[in-house]
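Colleague: Residue strings, one per chain:
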Amino acid sequence: MHMRGIVVWAIAAAAIGGCQNGPGGDGDTNGATDSDGVTDGVPAGATDGGEAAECRGIEPGPSPIRRMNRREYDNTVFDLLGDDSRPAQNFPAEEEALGFNNNADALVVTSLLAEGYLAAAEALAENAVKDLPALLHGCDVKSDGEAACAERFITEFGRSAYRRPLAAGEVKTLLAVHQAAADEFDFVTGVRLTMTAMLQSPHFLYRVEFGEPMPDSDDILKLAPYELASRLSYFLWGTMPDAELFAAAAEGRLAEPEDVAKQATRMLADARARATVRDFHGQWLELRRIEEMEKDDEAFPEFDPEIRPLLRAEAEKFLDHVIWDDQGDLDSIYLAPYTFLNGELADYYGVKGPNGDAFEKFELPPGQASGFLTQGGLLSVLAKPNQTSPIHRGKFVRERLLCQVVPPPPDNVDITPPEVDPTLPTRERFKQHSVDPTCSGCHSMMDPVGFGFEHFDGIGRWRDEEAGKPVDASGEIIGATTKGTFDGVPELAALLIDSPETERCMTLQWFRYAYGRADADADACTIDDLTRQFAGSGRRIQDLIVALTQSEAFLYRRAPEGE
Amino acid sequence: MIMRSSNFSRRTFLRGAGGACLALPLLDIMHGCDSPGVAALPQQFRGKGGPKRFVVFWTPNGTIMSNWRPTGSPDAFTLPRILAPLDPHKQDIVVLDGVDELSAYKGPGDAHQKGTGQGLTGTELQEGDFAGADGLSAGWADGISVDQAIADAVGNETRFRSLEFGVHVYGANVGSRISYRGPAQPIPPENDPAAAFNRIFGDLESDPEAQKRRIAERRIVLDAVAEDYKRLVPRLGAADKIKLDAHLAAVRDIEMRLDTVGSVGGACQPPVLGEVKDPTKVGNIPATGKLQMDLLAMALACDLTRVASLMWMNSATAKPFPWLDIPEGHHELAHRGDSDLDAQEKLTRINVWYCEQFAYLIERLKSLPEGDGSVLDNTLLIWVNEHQKGNDHDRHEIPYVLAGKAGGAMKPGRWMQVQGDVPHNNLLVGLMNAMGLEATTFGNPKYCTGALSLA
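So the sequence lines, in the order shown, correspond to chains A and B. If you count the first sequence from 1, position 279 lands on 279 in my numbering, and the numbers rise without skipping. If you count the second sequence from 1, position 264 lands on 827 in my numbering, and the numbers rise without skipping.
It is possible that some hints are incorrect.
Straight-line distance between alpha carbons at most 25 angstroms, and here's what the computed DSS-like set of lysine-lysine pairs gives [said to hold, decoys possible]:
#1 K853/B / K929/B
#2 K222/A / K262/A
#3 K142/A / K130/A
#4 K222/A / K611/B
#5 K611/B / K929/B
#6 K172/A / K793/B
#7 K653/B / K669/B
#8 K1009/B / K653/B
#9 K130/A / K775/B
Derived by calculation from the structure, the hints in this document are not laboratory data.
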């Protein structure tokens, strides 16, 4: 567990006995203390502008060894062997941390997974040796001899599988494995078993980084070119490096940060980068949960589970469009007055929109649309099976969009949501939270934010009335930095994008996803720096992605420490 | 998803008349028809005609005590509504009434975290960052769980030291794990019956030569893999070292068990799964659970493992029960007041349903002949709940139900009421003793005052 910094505030807050405890009470995201001028997750230094004095020297932060997750494994074996069987779908699900499934600290290996690796490697190798000549790269066993051909296979396959050239000692060791298998069985079996072993090697399953020493520094290492190539390919594409990255590493074209940026920019133009951005949103915005959500038939008879993939597609098509084909900035993601619909979804929402199966860009009535925040998938995930949930919607804004921490409800408290009552609007029914002092401390952080979404029912459709009364979507967000009153989601979104917390949180979420780890105290300068760059670029997501390849956390690592 | 019908079920299977033992030539190399493997077991680990087994059945969010507690006397008792599904098995169960999870009032974590993480470990949780209620937080459990302690004694000759099954266990935190290899070493359950099938039965070969060949190949491969990790580990920093050491241990474990294959025949008849419904869908929970129990039972019958657990959803699960027409989440319902009759009724129905599942597992084990009885007779099965009561998280008088005879070490057919403060650590010791382990304490000794005898 290396996320200690993240929850420090929640614990501290509870210890003082509530959620409203003066400035700073909205949660501190960067793990610093909550009493020394760090408020709302934005260090004072950042808002005052100017780099804090301690941001000198190179500070890469923690550099845990990273193991492939299931998506990366399947992508990798496809690129490595052309195998599209997606074997990792049989592996146990990743342990998640901070909402992401690629957190290095959480990805440990149990017997179950080790058995999965063995079974997958056996199947992959068995398939691969069916085309032996391809594996031998032109080596002919009859004329060149078995030993030479085995060596050719190990050298060539090793370079791709380990994502770097093999050291002479490694080739020798693997040759011995081949020889043992060939002696006991035959040459082809030798190749197959050697490959089976290589596909379970730490050099394949993990990104092993030894770095390169730097002058005047014992504890900071520069990433070696092949290591950088892998960092780039797994961050931007979720797979192994392509031929160009390998060539760049081999030819010394990954030595400087500008080289890395150039590659990142090239890679962003590839469809695989889009898939990665989609993967990020699936996790950050909980879009993955759309397909699992269940609704109460009685409350929402019109909700057909078949609509779920369409709701997810709407969100993805919208984000794809904004990020790749339009402005590409944070503001558009929050504010865009349009979405993407097909005929079935238009019917679902009850709007006169596109017909047919294809999704089309569709301008929604004024005041009803605000980027991803008004889309049906998110709003029905952030709802109960039979009604809306201002609490979950408010909590989502606090945790995912502002990177604040909201503590869970206290022990021994009745957390039953109010019964659905056809004569009372939701906000009336949730009144107890603001009346009961044991609830109001925390719920004043969440409910008044969530009430702003009340125009959207429990399955994400617009409504003008609830319980026979016009919807009251007025709300308030309290805090030291992000604060104010608003009416409806577009006004809330406008308030959010004006807050420095929002751009910092977006930076932080990408940081956690890109580097596969929680932000540590040591990362404060890096995060400040990335946030500044993000703001300076007009808050363009593509620029943020490239900036993430330019940070000290990306280009350097710490030398191994400890016993 | 359609299961590939396995070679195992199609070709290997010799369905013997009258359950006669028809072990296959290769597969009984190790154990043989009369289970010499079992005969070679130390007496204390041996049941009647088979080894002793230990199984945990775990459910969340407490029960409704007024509908759970029997009436009558210890030997002549009536099962109330929640336990009524066990009526046909009354002579096979012990309703254990009055044991308190005292340790779970101590240490880091909230009531759910402690109730779950301490249920089988009997020791405080570690400090950590899993957020709990009241601003409390915790890490993983700080000790080995009782199933693993038992597995360390009885699980070394089987293909799997233990098997962990889950039904819709989501997430990876202290509320979604019950089993621990040691401090902060949680074992994730397998939630997918198809994957469980492939793991447990998938690579048994019908052809003895093929089986021998596979083992020989794996020995070469796994040896190379283990060496690879061993070479790398010394070059890593402390945190990475721990991670790769754990990976190496997992590889070694597979390697060590290459030769251990179960004996097929008699009661051991690997199931044909048929269609497996998506185990990630809440609506499929009943179907998933049934398959998991079928696999669990057969893994025991085939002696592929002697220790198993089945975890139903998570601590404080908020999932609804659509198949019972209960749209509210379980945790929400569990938090409603005692006077909310609708909630009490729904919670009762949820627990009745869980009890029906427990009864199904008992039936499965009973239907597997072994010795002159059944696999159930050689098994110690225990139903554990994280709490007694949902709305106040009471961890006193945990509603345990045990089943089986543990090869004669446990006397069933009783409503066993214990008086006063009896810490659940004592029960954990009692379980170990019944399984043949000579333990006198378990978990944090601070909470253990001796063994609760089940004899």
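Colleague: Against each hint, give a clear statement of whether it holds in the structure.
Modeller: Taking the hints in turn, this is what the structure says about them:
Distance hint between K853/B and K929/B is fulfilled; the C-alpha atoms sit about 15 angstroms from each other, no more than 25 angstroms. Note on K222/A and K262/A: the hinted pairing holds, with a Cα-Cα distance of about 18 angstroms set against a maximum of 25 angstroms. Among the hinted pairs, K142/A with K130/A is consistent with the structure: their alpha-carbon atoms are about 18 angstroms apart, no more than 25 angstroms. In summary, the hint linking K222/A to K611/B is not supported, as the alpha carbons are separated by about 64 angstroms, beyond the 25 angstroms threshold.
Between K611/B and K929/B the alpha-carbon distance is near 14 angstroms, which keeps this suggested pair within the 25 angstroms criterion. Among the hinted pairs, K172/A with K793/B is consistent with the structure: their alpha-carbon atoms are about 16 angstroms apart, no more than 25 angstroms. A hinted pair counts as satisfied when its Cα atoms are at most 25 angstroms apart, and K653/B with K669/B does not qualify at roughly 35 angstroms. With a C-alpha separation of about 35 angstroms, the suggested pair K1009/B and K653/B falls outside the 25 angstroms cut-off, and the hint is violated.
Of the supplied pair hints, the one linking K130/A and K775/B holds, its CA atoms being roughly 22 angstroms apart against a limit of 25 angstroms.
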